[in-house]
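Protein chains: 2
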Amino acid sequence: MDTKTCILCNETGGRVLMRSEYLRVIAPEDKVFPGMIRVIWNEHLSEMTDLEPMQRSLLMQTVCQVEDLMRQVMRPDKINLASLGNYVPHLHWHIIPRWRDDVCYPESIWGIKQREVSSDWISKKEALASQLFQFLESRW
Amino acid sequence: MDTKTCILCNETGGRVLMRSEYLRVIAPEDKVFPGMIRVIWNEHLSEMTDLEPMQRSLLMQTVCQVEDLMRQVMRPDKINLASLGNYVPHLHWHIIPRWRDDVCYPESIWGIKQREVSSDWISKKEALASQLFQFLESRW
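Listed in order, the protein sequences are those of chains Y and B. Counting from 85, one number per residue, gives the positions in the first sequence under this note's numbering. Counting from 85, one number per residue, gives the positions in the second sequence under this note's numbering.
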């Protein structure tokens, strides 16, 4: 995959909450896991160790800023952080709020579904997600 | 879960390759994903943002040192990094070497199995993993 075919080189990846010279914070507005955030490195490279140490530090500081605000606003039972990129090998971090009664818990969000959730459950989490997105937009 | 019942407070979590005052690097010696490494924070806390910024930095520097050496020694197609802790909410990072022909690729290792791998495939990866573990033990 090169910069011509990479979806994260050609599309924002979701609602842009912050964009700097180096990275952007986006909300994919996931319908099953409301509040999920991605921090995407702008340049097309695939691994953390493709970055210089100072760049890694900047990226993880941003991930932790998102996590911090996500915990304050959404009060999830757990935070999941992951940089996988098996489908899209363009460096990006998932910051995912998890609840004991969400669709997959305690499995990862890429694991086997454990239960159904009600539309009321989704609506409540979407309301919290909306607050989080506003805070993140106003933070930077 | 408290320090009395937490498995990562009461067991090493695998073969210890390095242990410092703050964290340890262990090889769970996974039979399906050879070479997987975990970096475990020694103190019982669950999220990155439970750490002070300098501690986060130390932890991620260690994760990146492992990733760097894993790429050099094992030459995987992709690295997967994750801090989930849904089952064991004691801060730990997975550093996972991935290959296009491994059991789950391109799904996460917590996803649906995509194929069988031969015992020869496993043996070759285990030989690389063994080299990696030796390098990690001698590095610190």
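Worth double-checking, as some hints may not be accurate.
If several chains are the same, the list does not tell them apart, and a pair holds so long as it fits within one copy or across any two.
Derived lysine-lysine pairs resembling DSSO-like cross-links, with alpha carbons at most 27 Å apart [what the hints assert, rightly or not]:
1) Lys88 to Lys208
2) Lys197 to Lys88
3) Lys197 to Lys162
4) Lys88 to Lys162
5) Lys88 to Lys209
Hints in this document: simulated from the structure, not taken from any laboratory. All figures in this text were calculated on a predicted structure; none of them were measured in a lab.
Against the structure, the hints:
Taking the shortest Cα distances, Lys88 and Lys208 never come within 27 Å of each other, neither inside one copy (39 Å) nor across copies (35 Å). When the C-alpha separation of Lys197 and Lys88 is checked against a cutoff of 27 Å, the pair qualifies neither within a copy, at 34 Å, nor between copies, at 30 Å. For a Cα distance limit of 27 Å, the shortest separation of Lys197 from Lys162 qualifies both inside one copy, at 17 Å, and across copies, at 25 Å. Taking CA atoms no more than 27 Å apart as the test, Lys88 paired with Lys162 passes between copies only; the shortest distance there is 20 Å, against 37 Å inside one copy.
In this assembly of identical chains, the alpha carbons of Lys88 and Lys209 never lie at most 27 Å apart, being 36 Å within a copy and 33 Å across copies at closest.
Consistency with the previously given hints fails for numbers 1, 2, 5, ordered from lowest to highest.
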